[in-house]
Amino acid sequence: MSQEMGLQCQLKEVFHFLYKEPLDNNLTEHEIDHVLIGFSDDLPVINPDEVMAFRYVDYSSLMHDLTLNPQRYTVWFRQIVKRVHDAFINRGLITE
Numbered sequence: 001m002s003q004e005m006g007l008q009c010q011l012k013e014v015f016h017f018l019y020k021e022p023l024d025n026n027l028t029e030h031e032i033d034h035v036l037i038g039f040s041d042d043l044p045v046i047n048p049d050e051v052m053a054f055r056y057v058d059y060s061s062l063m064h065d066l067t068l069n070p071q072r073y074t075v076w077f078r079q080i081v082k083r084v085h086d087a088f089i090n091r092g093l094i095t096e
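Just so you know, the sequence shown maps onto residues 1 to 96 in the working numbering.
Note that these hints are calculated values from the structure, not bench results. Ideal placement from N, C-alpha and C gives every residue a C-beta, glycine not left out. Errors might be hidden in some of the hints.
As the list claims (entries may be wrong) - Listed next, with one range per pair, are the computed distances between beta-carbon atoms:
id	residue 1	residue 2	range
1	Ile94	Asp49	16 to 24 Å
2	Val45	Pro22	29 to 37 Å
3	Ala87	Asn26	31 to 39 Å
4	Asn26	Val57	27 to 35 Å
5	Gly6	Thr67	28 to 36 Å
6	Ile89	Asn26	16 to 24 Å
Using the sequences plus the hints, can you model the full thing?
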């Protein structure tokens with residue numbers, strides 16, 4: 001988080017997963033991704049070499065935008081957003 005968003009906070013793994021996705025350029029993404037959570041009261045200061053943009057959005061707005069504009073999001077993000085939401089609810093980290 002510090003390198004990408006300029007935030008200092010403790011991170012805890014929520015889960016990890018393996019995904020494999022063919023890309024348009026005859027390559028394949030094949031990764032193990034670790035989903036982490038951390039909390040900070042600081043405002044992000046993005047590193048433009050690492051982050052194109054960020055925004056704050058509630059879950060229902062995010063799901064609506066994912067449906068209308070899936071091309072705005074990375075392949076792995078589209079695959080895990082509901083899983084992250086469900087994991088956070090199951091652990092009591094958020095409420096619906």
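Going through the hints against the structure:
For the pair Ile94 and Asp49, the beta carbons lie near 31 Å from each other, so the given range of 16 to 24 Å is not met. Roughly 35 Å separates the CB atoms of Val45 and Pro22, a value that falls within the hinted 29 to 37 Å. As the Cβ distance of Ala87 to Asn26 is approximately 33 Å, the hint placing it in 31 to 39 Å holds. A hinted range of 27 to 35 Å holds for the C-beta pair Asn26 and Val57, which are about 33 Å apart.
As the Cβ distance of Gly6 to Thr67 is approximately 31 Å, the hint placing it in 28 to 36 Å holds. A C-beta distance of roughly 39 Å is found between Ile89 and Asn26, which places it outside the suggested range of 16 to 24 Å.
In summary, the structure is inconsistent with hints 1, 6 from the numbered list given earlier, while agreeing with the others.
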